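**Q** Below, each chain spelled out in residue letters.
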Amino acid sequence: MFQHVVILPILLPLLAGALMVIPAVSRNMVLQRRLGTVASVLAVVLAVWLLVLVDHNGTQAYAVGEWKPPFGILLVADRLATLLLLLTSVLLLAVQLFASAGEDERGRFFQPLLMFQVMGIQGAFLTGDIFNLFVFFEVLLIASYALLIHGGGKAKTAASLHYVILNLAGSALFLFALGILYGTFGTLNMADMQANAALIQNDDLYLAKVGALLLLVVFGLKAAMLPLHFWLPKAYAAAPAPVAALFAIMTKIGIYSLWRVHSAIFGEHAGALANVALPWLWPMAWLTLALGVVAVLASQSLRALAANLVIVSVGSLLLMVANPAQSTTAAGLYYLVHSTLATALIFLIAGLIMGQRGKSEDRFVRGRPLAHPRLLGGLFFIAALALIGMPPFSGFIGKALMLSAALDEGVAGWIWPPLLLSSLAALLVLSRAGSSIFWRSRGRAVPVTIDTRQLAGIGVLLVALVLMVVLAGWLTAFTDRAAADLLAGMQLVLPEGR
Amino acid sequence: MTLYEWFIAALLVIGGLFTLIGALGMVKLPDLYTRLHAPTKATTMGIGCILLASMLMRLDRNEGFGIQELVISLFLFITAPVSAYMIAKAAMHLRVPLQPGSDPHRLLEKARDQQPPQ
Amino acid sequence: MEFAYALGVGFLTGAGVFLMLRGRTFPVILGLTLLSYAVNLFLFASGRLTINAAPILGTASEYTDPLPQALVLTAIVIGFAMTAFVLILAMRARADLGNDHVDGHLPPAQLSARAEQRRERREHS
Amino acid sequence: MLNTLLLWVAGVVGLALVLNAWRLVRGPSVTDRVLALDTMYINVIAMIILLGIYFDTSLYFEAALLIAMLGFVSTAAVSKYLLRGDIIE
Amino acid sequence: MTLLWILLLPMMGIVTPLLTERYGRNVCAAMTALPPAIALMLLLQQAPVVMSGQVPSLHAEWIPALGLNLALHLDGLAWLFCLLILGIGLLVILYARYYLSDRDSMGQFYASLILFMTAMLGVVLSANLLQLWLFWELTSISSFLLISFWSWRTDARKGARMALAVTGAGGLALLGALILIGHEVGSFDLATVLASGDLLRQSELYPVILALFLLGAFTKSAQFPFHFWLPHAMAAPTPVSSYLHSATMVKAGVFLLARFYPVLAGTDLWFVVVSLTGMATLLVGAYTALFKHDLKGLLAYSTVSHLGLITLLLGLGTALAPVAAVFHIINHAVFKASLFMAAGIIDHESGSRDMRKLNGLWQFMPVTATLAMVAASSMAGVPLLNGFLSKEMMFAETLEQYTFGALSWWVPLLATIGATFSVAYSLRFMHDVFFNGQPIDLPKTPHEPPRYMRVPVEILVVLCLLVGMFPDLMVGTLLKTAAGAVLQAPVPEFELGVWHGFNLPLLMSMLAVSGGVAIYVNRRFLFQFQSQFAERDAKLVFEASVQSLVRKAGQLHHLIDNGSMQRAMFLMLLLALVLMAWPLMDLLNTAGGRPELALNWGVVFCTALLIAGTLLTIWWSHQRLWALLALSIVGLVVSVAFAWFSAPDLALTQLSVEVVTVLLFLLALFFLPRHGPIMDGPLRIMMRDLGVSVLFGSVVGTICYALLTRPLDSISGYFLEHSKTGGGGTNVVNVILVDFRGFDTLGEITVLGIAALGIYKLLARMTLAMPSADDDGRAWARERHPALLALVSQSLLPLALLVSAYIFLRGHNMPGGGFIAGLITAIALIQQYVAHGVVWMKQRMPLSYEALIASGLLIALTAGLGSWLFGHNFLKTWYDYFYLPGVGKFELASAMVFDLGVYLTVIGATLLILANLGKLTTSERIRTGDE
Amino acid sequence: MNKALLPMPIHTAVLLLTWLLLNDFSIGHLLLGSLLAVLIPWLVAPLSDPQAPVRKPGKALVYALIVLWDILRSNIEVAILVMRPNRSLRPALLALPLDIQGDLPQALLASTISLTPGTVSMDFSEDRRWLYIHALHVTDEQALLRSIKERYEAPLKEIFAC
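From first to last, the protein sequence lines are chains A, B, C, D, E and F.
Note that the numbering used here has the first sequence beginning at 1, numbered continuously upward.
Note that the numbering used here has the second sequence beginning at 499, numbered continuously upward.
Note that the numbering used here has the third sequence beginning at 617, numbered continuously upward.
Note that the numbering used here has the fourth sequence beginning at 742, numbered continuously upward.
Note that the numbering used here has the fifth sequence beginning at 831, numbered continuously upward.
Note that the numbering used here has the sixth sequence beginning at 1762, numbered continuously upward.
Simulated from the structure, these hints should not be mistaken for lab results.
Among the hints, erroneous ones may be present.
[To be verified] Below, computed lysine to aspartate or glutamate pairings styled on DMTMM-like, alpha-carbon distance capped at 25 Å:
1) A:Lys154 x E:Glu1613
2) E:Lys1554 x A:Glu66
3) F:Lys1817 x F:Asp1785
[Unchecked claim] To list a few chain A residues with every Cβ distance to chain E over 10 Å, as calculated:
4) Val30
5) Arg34
6) Val41
7) Leu51
8) Gly271
9) Met354
10) Arg368
11) Trp414
12) Leu455
13) Leu487
No experiment lies behind these values; they were computed from the predicted model shown.
Every residue, glycine too, gets a C-beta built ideally from N, C-alpha and C.
Generate the whole structure from the sequences, applying the supplied hints.
**A** Right, here's the structure in full:
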């Protein structure tokens, strides 16, 4: 039974989601929520289990259908994947709890869609097969489309139209890339591709390069890399709070895939194909960060600000990806986890704030005073500190790690200014935001209750953020090992010849 | 070539010919209603002959009792009139004009107006 | 024959791309559909072209590469699901936003042109 | 011998397809185009059957069957659309 | 361990005020004071150890990867600062008990205050650079909370934000500096760093490090030109000003300078920059202070000036300058804190801080006045008070230095001028407030404050006197130890005496005092002179610049992202095009070595048809129904192509998907406009798009051709080999789908299911105007369901189901399978919907499509999970052959169960989509949720 | 015959036959086909409206053969017509008064008319008493109507006994 733990993070949400679609369940909100909570808690437990297992025993592989790689689909749970699995399931738990307070009643199938979305994400992290990666990308995308329009409304429709169409074009490009890669490598297993990358010769080399670069566009789109980021601000700002919180991980999937594909398959060991994407990635990462900062400064509402901060964090992460080394990758990984949690937190809080400020919603204008100024203010304060990268929350560790890694790699001159300036911009804008939302008010507060489940959801994220600091020593050591694994490549599952 | 094969060849030629005639009719005939007759050639004689050829061919090659093409014919024979019927109905609804030179029968107006716009 | 195939793929791709760059939802979705045809053919092509070698064991002596076919099949299904979704989304956008422009509002130039038309019509009647 | 003939017949059917396509382009009414498309479906069946004979295989039979069925469905649906606008009501 | 408790106790104390707030002000204050009081006792207990030169320390691993560890140490400097922080902190707590009004939330105030105290203690106790930075930032954050305590006041909010922005920016610079230092030294351990001064000073990065470092220190300590935030932080309640902005937080900057003195000082760069900055600050602060009418404003600028003085000392480079700096840190903390408190009392009891109104308060509050005047005298540097001593030392050191070579004499001169102004504003403080006639329109009648509100002031003033009179006794040892910690070397001999005899420094002091008096007496001229300069409010300038930054950013952002999807799409495709085309430039031969297939007429015709269909789709894209017909041609040709190139499964799938898509399009077209503009943009844009698409198409076509003409060595041989033996089917594609790569298929049907659910959500409560007539304004035909169609559809249904069963069952061995079969079934049922309508179908077939999707997914999942029972991996398939008498050999395979799941999901999803879409115009439409 | 078990016996038979046509004949397929032939009608029975039963199966067979022959015969005629210049065509729209009633018989009649080249049934009148027919080339419309009635309608009427 234990060997199956690798595939469970995919099957569990699928099972839960499928059960929730059964009419008897889907019409029973209470049952659905309980099922969802149980599944989410189980997902967290599973992820922890898998993480410990992988950390002790090394990378775990699971051949679906028992077909030996590279012929069947292989799931690969290495440290990188398991850490992200844990992140996803923690996020799921928070979001599920938060949404159970009533957001899930504003339209049907919220809970199952949540599960499917997580299934897609977990699958994308676990799979060791590039076409299977595409499939899971689509699972998570279609679920995200459906979740984005949850609750209805003009803004959501308009935002999702852009989001969906751009991503559909992205999926088409993904398939073009897969066609090229299969047409040159003759295989789909990532480890196999990596092993073959150095062997590709002559003209095939250039074709393979086309495939690799196309994948850069595809993953860049998911990651919201400039100039492919246009879908993000609107989508995140329009999404219902819990969905936006869950979306915090969406861009990270792009980053993850870049690591998997461009740092591993087309990484150091790829011979003539080594690091093909870097010359392109590097300027685009820089631009992403720079224009992210501009967008942050220009933000006029809390959710837009949070969305633009996502772009900034993506820019920072891309800079780490663009300089593949153990230290940068490890730093990026830590920062990835942190920024996901912090962004999710701010989106959830923004959701609560929106509900209490009447027509001002979350815009930075004078509005109705909040019903729970202290609670929300405190939460916002914490989230803001985390986002800016100020102590005592994990942001500063991530930032310091990245700065220090950039220094080790000798690229500090390029990376430091935008990184530090982005923090400053976040500081400026978040302090402005906080003082507008919490302190400039007019009229009387309207009593609004905050559901304990909403607080529980936020609490999960808070605990996770605190744990990231308390256990930072272990975590950074872990990310370091994960980075080493990643850059060393996926050697364990090398096929025994055709 | 055996007689049997000659027979198959003839069927194929007839099938192709009727298909082509149907297509020519589609191009050449003056109005929609007359063109509506063309595909009947293609469906009945054209496809029929080709399907028959295929069946005979497979019998010839001893691939067992394979007369699956009959099912296709069955399908086509059931559906083709309905398709034509629906198209004609739509055309009348849309008042697609009849060929000027053709004989506008006295019932035409009545037929057209049986479903007056409300 | 390869050239004809590639020509077709190229045409489909170009047409898809052109339509996807349009401003109304319907042509964009048409473009997506064309592009997904192109993608499917392209992905299929990664297994190279073979005639009369369907990968059904026992029907031929040589078989074509079956894997791209399986991939294309998956891609077709997923593409179908996506097309369906985006099509309904376009409807929803028309319902919610009142027009069928991808941005949810008509660009200023077209708005004024439309107003012009309306005025002309009013003058005529 | 038969194979050469088959190719010729296929060419004829292909030509028929092109002629139908011409009608589809020309119209003039939308029903003409629907009719042309419907006929094209049928011609494609012929084409596929010929393919089956040519390759000496029954693999394509389902495809032909399917086109027969699906051509009908789409023609009916388009006509319904022209008649009522709403095809499922 | 004691060390840890000194930090931990206040840290735990953060919550006590919040918890005890409800028990009343006294209890709250007492409970708040308790932890710092204990910490103070612990600190005092450590005094002998520290004074003896030992450095108690504590080290624990935290984040080795970053070099960030928990490391505390208590050397002389730290001890001194701890004493200030805890001692003055306790006094401030007491003071604030009386200062805060009932309206103020005491718990929140105290909590922030203690948070700050903790942070400050952390800064001074840290023995790890990054940990130091951590607490450093915490001081900024907690000070933000304290300054903005009266958050309803605009000036408080703006002042707080400005302070945060400036110190935050400095903090980031400091982080950079610290990381650079750690990187150069190889460790973030303070002791190691302090021992690596030479290494750092010789490093190439030294200028960068120094610049970033000083940026951090100077912003925190309000050094010119970053001093502007400090006066605006005065919007804070006075206890905060007296604690943060005189005694502790602003000292953090100079603390940092002192702490890194052994490492970073000692170069010309340091001396020039630090001393110049200090001098400038000293002068600007002192000069500006004189003109402030606001009591706290005056004190704030005086603080700026004194901080400048300390900085100047640290930049002088003489042997005793650091000692003087440390001494002045102590003295300034003592007298300035008391002055702020006194100012607070005056404000509190009279209701105003405006010196133009406050006059002659001596009569109302003689005790307070006396205390304030003693403290102010100390500030002015009057002998027998502590301020005098450190100022004398400063004068002495300015005479010693030679930083600016021959121009070094400017330093003592300017210092004297600064001191002169300092005397002048001190005089103004004393004379204007307590004498100078009668008060003018004060909101309240002033009187003495409550007894215990004055106690903190009294204590501090007594300290001023004691230190001023018995310096060696009071602070001799402490100074020595602290200075030793600063220098990290033996402290040169120095003498703390009240009287050093007549010497140059004394002369300078006397000059300063007399000059100060002269300036004050003639202040009118100066005020007139000053009034011609419009005063620039730093807050407004700051706000305006932030606003303008935001506006500029907004403009730039709008320029980049104007919300147009066409632009986003264009950029994406352009990027893809460039990235695809780039490597192709190197591809010498498009055609590879693989032999090409022969062309025949059928293929030519079909290609022509495909291209024609494609072009027609574009050409007719404004005539939408026509475009749909053209699209059907393309779909048809694609299917034929699949069939031709040996992919019957694909041909079948493509066909069935094609039809469903057309149905969908038709349904959607009923609600969408049926025509679009022919030109949907300027010609320029159309041509641009055309260009890109032509290029894109040609690049993709080229790649396709290049791939097609190259040989491929792929993994597929394995599938062909093992399909029958391992998967039990002869249709290799199907075996791949349900077995080798069944996991993909599981994902694929999930996608389909989710899409259906999503579409259900989209359709819920969709409000669409239903056209009542077609394009030409013709009403719809009256006959809803033509009888002939209805009848034929009905009779075809069983046949279609049979065909789908046939295709399903043979799928494993011949073209077909669950997906195609599912689509056929779905299409057959949809045909019934078309022929009979939703209501009819609903009555006769009350089937829940959601249930179908769910059961399909669950069946597929179960089929996969079933293998676990046999100890195999997920989706490990099983098949076997059976013999039944009379029937013969037949095969059963678990993949069939999986395929059944696929089949059901496909039906459920397709019908859920199409049927609900059809329901839009009927009474069956979805009416709940997703508004 | 049990109505609940076999709601549509003719369909069952047709389905079984079709199944055997689709697959090679074997005992296994006979069993499987029978199963499906029972199961499918049972599933779709609610979706089928009751239709007039076939009274004379033998006649029906004869009718089918006649139609097939007519298709063959008239195909050639029409092919020639199509190839001739358009101006020699005399297309016409005719109305056929219907004697038979019932959905199925009428549908069969309409289909027959459409399948035999030269005529296409276009629509029923709303009262279902007239069938509008388009003929490609009419020299004598009454003769055409009469031949349709005699050749197709009358046998159908007999088959369904209506």
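**Q** Hint by hint, say whether it matches the structure.
**A** The hints, checked one at a time:
For a cut-off of 25 Å, the pair hint linking lysine 154 (chain A) to glutamate 1613 (chain E) is broken: about 36 Å separates their Cα positions. A threshold of 25 Å between alpha carbons decides the hint, and for lysine 1554 (chain E) with glutamate 66 (chain A) the separation of about 16 Å falls inside it, so the pair holds. At roughly 31 Å between alpha-carbon atoms, lysine 1817 (chain F) and aspartate 1785 (chain F) are farther apart than 25 Å, so this suggested pair is violated. Separation of valine 30 (chain A) from chain E is adequate, the least Cβ-Cβ distance of about 17 Å exceeding the 10 Å criterion.
No beta-carbon of chain E is positioned within 10 Å of the beta-carbon of arginine 34 (chain A); the least distance is around 17 Å. With a cut of 10 Å on Cβ distances, valine 41 (chain A) stays outside the contact zone with chain E, its closest approach being about 20 Å. Residue-level check passed: leucine 51 (chain A) sits 18 Å from the nearest beta carbon of chain E, beyond 10 Å. No beta-carbon of chain E comes within 10 Å of the beta-carbon of glycine 271 (chain A); the shortest separation is about 15 Å.
For methionine 354 (chain A), the non-interface assignment is confirmed: its Cβ lies about 17 Å from the closest Cβ of chain E, beyond the 10 Å cut-off. Every CB of chain E lies more than 10 Å from the CB of arginine 368 (chain A), the least distance being 15 Å, so the non-interface label holds. At roughly 14 Å from the closest C-beta of chain E, the C-beta of tryptophan 414 (chain A) stays outside 10 Å, upholding its exclusion from the interface. Even its closest Cβ contact with chain E, about 18 Å, leaves leucine 455 (chain A) beyond 10 Å, as expected for a residue assigned away from the interface.
Taking the minimum C-beta to C-beta distance to chain E, about 16 Å, the non-interface status of leucine 487 (chain A) holds against the 10 Å cut.
Violated hints, in rising order: 1, 3; the structure is consistent with all others.
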